[in-house]
Amino acid sequence: MESIKDKVAIVGMGCTKFGELWDKSPDDLMVEACYEAFEDAGLGPEDIQAAWFASLVTGCTGSRLANAIKLNYIPITRVENFCCGGTDALRNACYGVASGAVDIALAVGVEKLKDTYGGFGQFLTGPFETSKVDVDLPPVNMFAQFATRYFYHYDIPIDEGKVILAKIAVKNHHNGTMSPKAHLQREITEEQVLKSPIISWPLSLFDCCGMSDGGAAAIVTTPEMAKTLKQDYILVKGLGLANGAGQGLLDSDYGFTSMPENVECAQMAYDQAGIKNPRKEVDLAIVHDCFTSTELILYEDLGFSPRGKAREDVEVGTFTLEGDLPVNTDGGLKCFGHPLSASGLRMVYEVYKQLQEKAGPRQVKNARLGLTHNLGGLPTYFNCAVAIFGREPG
Amino acid sequence: MDNVSSIIDSPAVIAVIDLEGGGRMECFMTDHTVKEVKIGQGDMMIGTDVEMTFRRLFEREEIVNYFWKARPVRF
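As they're listed, the protein sequences go chains A and B.
Residue 36 is where the first sequence starts when you use the numbering used here, and the numbers rise one by one after that.
Residue 339 is where the second sequence starts when you use the numbering used here, and the numbers rise one by one after that.
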């Protein structure tokens with residue numbers, strides 16, 4: 036089995052502003068994201084040989100993308116993989132190039148949630164048919180369960196636990212103020228988080244990410260062709276994808292203090308990238324902070340903090356912009372909101388800009404290796420994508 | 339614990355229950371007050387013994403649906 040490491044390069048990326056975009060159609064978002072990517076790469080729609088298009092509720096079939104961009108009779112696959120959709124589209128485009136089937140491929144993720152089915156929530160299709168008698172509630176309940184169990188397991192009183200979570204929300208909002216494409220761009224305080232209304236105990240309003248519309252796109256090619264297009268192309272180092280099979284609801288050892296999909300998926304990507312010590316080797320990470328409790332557990336699942344020690348890292352500021360391993364430098368889902376299929380490529384866009392040293396006031400010094408992470412679905416049936424990118428070969 | 343859920347005995351308290359003799363299920367709690375729930379370690383009721391009871395679950399267009407819920411063991 037060969038690794039994808041250094042076999043594919045990103046030469047162009049685009050990302051729309053995220054927010055409540057009532058005045059833009061999905062096609063507008065695709066055009067905006069793709070044309071920024073085309074301009075960045077010095078290419079046009081006529082150069083694209085195949086495309087992968089991620090959407091959950093914003094258009095079926097590859098023709099939705101073909102129509103928006105006017106791609107002429109090329110293969111386009113529509114990808115649906117919940118919150119991993121955007122990264123999975125990129126993953127497929129990368130393997131398309133690595134296989135030699137195409138030289139230049141496009142990955143696009145777009146979602147308009149605010150005016151589809153009345154916004155995110157009760158009408159969004161789940162992965163399964165429900166029995167109508169099982170517990171079938173929104174994601175915040177599930178991630179609240181992880182918070183209560185985590186605090187119980189590591190003997191953290193709830194009021195102290197809530198302060199740890201609040202620090203994560205404050206950090207991400209601070210980063211979001213330097214992120215012109217983010218939906219929410221204002222500072223918040225720990226006190227505001229702690230005093231905000233409970234949504235699903237112990238998670239409060241500010242522990243939850245927002246919902247928004249947005250789109251993002253990437254153009255990938257071989258490293259050889261990338262050299263002819265630009266100097267600051269970014270190399271793909273590892274692409275992991277892992278799906279849970281419901282093990283946790285059968286297995287009484289499943290602890291709700293970790294999400295095994297994250298651990299398995301990250302290991303897949305680390306093995307491909309040749310990473311032995313992610314804490315030391317990864318320079319920045321853009322992760323799935325759908326809720327602050329998710330980000331806390333991710334620090335451990337991705338190998339950034341030892342088990343049970345994420346709290347200490349949060350308290351000393353390890354994951355702030357100035358810390359050892361900045362996480363969610365662009366403000367994360369907390370500030371961008373979460374248009375499902377667009378989020379993965381939005382995260383890659385941030386890593387791409389950081390590695391090119393084009394991230395402006397939120398630039399991480401000497402960023403050479405960056406990671407993105409998505410988590411979708413339900414506990415024990417999560418799907419997880421981890422992608423790793425680097426500046427130099429080797 | 340969910341304060342905005344549409345369940346009939348709100349706030350919804352959702353528990354993952356390990357059954358005696360093996361097996362696990364996720365279900366709603368019932369016959370509790372929020373105060374009662376906030377026991378155990380700190381404010382959590384993790385580790386509390388519960389028993390199953392067949393209860394009213396949802397009602398829509400005059401059709402009532404029943405299913406198993408868990409309640410704290412009282413005796």
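No lab work stands behind these hints, which were simulated from the structure alone.
Bear in mind that the values here come from a model prediction, so they are computed numbers and not experimental data.
Don't take each hint at face value.
Facing chain A, from chain B, some residues (calculated, C-beta under 10 Å) [as the list claims (entries may be wrong)]:
1) A350
2) I352
3) D356
4) G360
5) G361
6) Y404
7) P410
Straight-line distance between alpha carbons at most 25 Å, and here's what the computed DMTMM-like set of lysine to aspartate or glutamate pairs gives [unchecked claim]:
8) A:K167 to B:E364
9) A:K167 to B:D369
10) A:K149 to A:E55
11) A:K167 to B:E389
12) A:K167 to B:D347
13) A:K311 to B:D369
14) A:K400 to A:D286
15) A:K262 to A:E55
16) A:K311 to A:D286
17) A:K52 to B:E397
18) A:K216 to A:D63
19) A:K167 to B:E400
20) A:K167 to B:D356
Beta carbons: idealized from backbone N, C-alpha and C, even for Gly.
Verification of the supplied hints:
Residue-level restraint check for A350 of chain B holds (minimum Cβ-Cβ distance to chain A is 7 Å; threshold 10 Å). Checking I352 of chain B against chain A by beta carbon gives a least distance of about 5 Å; that is within 10 Å, so the hint holds. Using the Cβ-Cβ criterion of 10 Å, the hint placing D356 of chain B at the interface with chain A is satisfied: the shortest such distance is roughly 5 Å. Given hint, G360 of chain B at the interface with chain A, holds; its Cβ is 7 Å from that chain's nearest Cβ, closer than 10 Å.
The criterion of a C-beta within 10 Å of any C-beta in chain A is met by G361 of chain B, whose closest approach is roughly 8 Å, and the hint holds. Interface restraint check: Y404 of chain B against chain A, minimum CB-CB distance 8 Å, threshold 10 Å, status holds. Look at P410 of chain B: its Cβ only gets to about 16 Å from chain A, farther than 10 Å, so that hint breaks. Under the criterion of a C-alpha separation no larger than 25 Å, the hint pairing K167 of chain A with E364 of chain B is consistent with the structure, at around 14 Å.
Annotation: proposed proximity of K167 of chain A to D369 of chain B holds, straight-line Cα distance about 21 Å (limit 25 Å). Restraint check for K149 of chain A and E55 of chain A: the C-alpha separation of about 6 Å stays at or below 25 Å, so the hint holds. Of the pairs offered as hints, the one joining K167 of chain A and E389 of chain B holds, with about 22 Å between alpha carbons and a cut-off of 25 Å not exceeded. For a cut-off of 25 Å, the pair hint linking K167 of chain A to D347 of chain B stands: about 17 Å separates their Cα positions.
Pair hint K311 of chain A plus D369 of chain B does not hold up; C-alpha atoms about 51 Å apart against a cutoff of 25 Å. Of the supplied pair hints, the one linking K400 of chain A and D286 of chain A is violated, its CA atoms being roughly 44 Å apart against a limit of 25 Å. Among the hinted pairs, K262 of chain A with E55 of chain A is inconsistent with the structure: their alpha-carbon atoms are about 38 Å apart, more than 25 Å. The hinted pair formed by K311 of chain A and D286 of chain A fails the criterion: a straight-line CA distance of about 30 Å is larger than 25 Å.
This hinted pair does not check out: K52 of chain A and E397 of chain B have alpha carbons roughly 42 Å apart, beyond 25 Å. Only pairs whose Cα atoms come within 25 Å are accepted, and K216 of chain A paired with D63 of chain A is accepted, the gap being roughly 16 Å. Distance hint between K167 of chain A and E400 of chain B is fulfilled; the C-alpha atoms sit about 16 Å from each other, no more than 25 Å. With a C-alpha separation of about 22 Å, the suggested pair K167 of chain A and D356 of chain B falls inside the 25 Å cut-off, and the hint holds.
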